[in-house]
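Protein chains: 2
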Amino acid sequence: MSTLSKETLILSILIQHLGEIVSGEEMAQRVGVSRVALHKRIDALKRQGVPIKSIPRKGYTLMEIPDLLIPPLFLTLLKSREMGRNYHFLEQTDSTNRVARELARQGAPEGTLTVAESQTRGRGRQGRSWFSPKGENLYFSLIIRPSISILEVPQITFLASVALTHVIRERLGLEALIKWPNDIYIRGKKVAGILVEMESQDAIPRFLVVGVGLNVNTPPGGFPPEISTRATSLMIEGGKGLLRAQILAWFMESLESWYQDLKKGHKEELLTYWRRYNYTLGRLVQLEDGREGWAVGITPQGSLLVRTLGGTLLSIGAGDVEVVE
Amino acid sequence: MSTLSKETLILSILIQHLGEIVSGEEMAQRVGVSRVALHKRIDALKRQGVPIKSIPRKGYTLMEIPDLLIPPLFLTLLKSREMGRNYHFLEQTDSTNRVARELARQGAPEGTLTVAESQTRGRGRQGRSWFSPKGENLYFSLIIRPSISILEVPQITFLASVALTHVIRERLGLEALIKWPNDIYIRGKKVAGILVEMESQDAIPRFLVVGVGLNVNTPPGGFPPEISTRATSLMIEGGKGLLRAQILAWFMESLESWYQDLKKGHKEELLTYWRRYNYTLGRLVQLEDGREGWAVGITPQGSLLVRTLGGTLLSIGAGDVEVVE
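So the protein lines, in turn, are chains A and B. Counting with our numbering, you get residues 1 to 325 for the letters of the first sequence. Counting with our numbering, you get residues 1001 to 1325 for the letters of the second sequence.
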């Protein structure tokens, strides 16, 4: 879906001229439709929640970009070449990862992005549920089809974590860090979780689904009591509401850029950033079996190296580690 | 399904007394059914193709074990504790791996075995078709759910290859060897292919499906011309027909035994056998990109080490290598 729809073109013109009035004649010409057809498209956008104002005898105007995830808005903001271009938007679903897996099994191309306004069965790692209310946050799943061995798949987890952390740090100026293996924390509280699923044949992935839950506009006091001390949102940390479609578009661009680098073999830079953004390394951690130790390093394969208090060096390939201090 | 069905009990008694006459009264008592019910079960077995003879006023007899894959026969022969116990037998299917994946997604336990008399869309690695006629050979898929990292999944491929090679060598006395990554060869011709599929979440497999196509009773001259110079069967190599259910049962037992060892951490023995049974190591090979080199080793992670003729050492994680000589 590389050709933009008429609605996407209309919205992109209105966003280019945000707060200005664009004449119906000019817009119809730029979009390549009749005035009547233009009016119908504008109405369709309004029905999707875009607050376009029709000003009689002058034209149309958009005063602010609404916080919606509808395709014409997201695709207007998206600057990537491939990631996110095939965009599946759902008002509600059980789990975007499940939808993405189904799409991938049916042959959906790399870069296919499934986004839902709300999830009824959002899942974090190890089957834990993920707080997924409507309208506040981002829940999405991206299909990628890398030509790698399954032994290199942990790099894709690094990639997603680094790309998301990079967006939060560079675009929003918030001190996001990566908790091994793939949660994003700000000031000690979880703001995002990443869940990478794979289907492989022999040692080759058929596809990966990178699922992300990112707390964007949950207001202070907006989390359920049982997670409120451990969870945060970009709004809570940054003090203002954000356009989810913009953050999602930035993430697609960031991920695409890191992915291109990885495909060229620039693995070391990814690991360097992963270490730089790391929350776990250097800390005292507790393993799932109760043992404690210092997180001292990470292997190129993606395992966490932990030196136990007894002096043994462990390579942790999967599973949780809790940061003790 | 650890309790055996009445039909399985009847068949196991008849096989214990192969060639002898077992009285109806004795059999009804041992199975725990009435004489009438026994007769019905015997009829059901006959309808499934088991050549049981009823001898008036004396009892029942089975002169030879038929080459069938029906549950009562397979489960009679099976000596494993878990592998193969949950047995799904299909006269025909598109692909046993596909059926097994579906069963696994629905929660089928470890050891669930799907077997088909014929496949309409049997697939080998990299999407190549697999010659799957009815009645001659074995096509089956086993679900396993190991508690490992995806980085250790290649070990499961080794496990399946070693277990199958072991059965062919130790039980049948044929010189089977493993061609990297997971084909089985006898005297330079392919007798079996193994296809391991996985679905994982983060670095942890949700399940693996070990799919096997094993040529058992294809007679000399029985392969299509296009593969006849490269394919062989156990019958061609050993000079006699074999009971497929027995071979399948032996494989389940062998695989279970190696799997138990692996779970106890005895990885080194598996690799030792994998190297011992290896067809590729030490040979001149050609990679998919056309480069040639000597297969000089294997990493604990399952990659093949190839020293190119130019002297570079390559670690091949996935894909085919052709043995040049």
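Everything labelled a hint here was simulated from the structure, so no lab data went into it. Take the hints with a grain of salt, since some may be wrong.
So the derived label-pair ranges between C-beta atoms look like this [as the list claims (entries may be wrong)]:
(1) A:Pro66 x B:Thr1308: 57 to 65 Å
(2) B:Glu1175 x A:Gly290: 31 to 39 Å
(3) A:Arg105 x B:Val1296: 45 to 53 Å
(4) B:Glu1292 x A:Arg30: 55 to 63 Å
(5) A:Glu288 x B:Glu1091: 55 to 63 Å
Quick partial rundown of chain A residues pointing at chain B, CB under 7 Å, derived from the structure [stated by the list, open to error]:
(6) Pro109
(7) Ile150
(8) Val196
(9) Gln301
This one's a predicted model, so the numbers in the text were calculated from it and none came from an experiment. Each residue gets a CB set at the ideal place from its N, CA and C atoms; glycine is no exception.
| said: Could you work out which of the previously given hints the structure breaks and list their numbers from low to high? | reply: 2, 3, 5, 6
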